[in-house]
Amino acid sequence: MVEVKVDEEKCDGCGSCVDVCPVEVLEIVEEKSKVKNPDECLACRACEVQCPNTSIEIIE
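Residue numbers (the numbering used here): 1 to 60.
Careful, some of the hints might be misleading.
As the list claims (entries may be wrong) - With a cut-off of at most 30 Å between alpha-carbon atoms, the simulated DSS-like pairs for lysine-lysine come out as follows:
{"#": "1", "residue 1": "K5", "residue 2": "K36"}
{"#": "2", "residue 1": "K10", "residue 2": "K32"}
{"#": "3", "residue 1": "K10", "residue 2": "K36"}
{"#": "4", "residue 1": "K5", "residue 2": "K32"}
{"#": "5", "residue 1": "K10", "residue 2": "K34"}
No lab work stands behind these hints: they were computed from the structure.
Work out the full structure, taking the sequences as your base and the hints as a guide.
Have a look at this one:
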């Protein structure tokens, strides 16, 4: 099982993680990235790599 963690202290809500995710795991809510479909995560790490603030962590 994959866990997607978002550090809300670091997240600035830029949306790059939402744009790059191929299965819509993340969404922007109140100017922060939130995990909406954790079971869909493919562990491709695209969101983790794309985040300019290193606020996303994928744990396998």
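These are the hints, each one checked on the structure:
A hinted pair counts as satisfied when its Cα atoms are at most 30 Å apart, and K5 with K36 qualifies at roughly 11 Å. With a C-alpha separation of about 9 Å, the suggested pairing of K10 with K32 holds against the 30 Å cut-off. Of the pairs offered as hints, the one joining K10 and K36 holds, with about 18 Å between alpha carbons and a cut-off of 30 Å not exceeded. The hinted pair formed by K5 and K32 meets the criterion: a straight-line CA distance of about 12 Å does not exceed 30 Å.
Restraint check for K10 and K34: the C-alpha separation of about 13 Å stays at or below 30 Å, so the hint holds.
The structure shown violates none of the earlier numbered hints.
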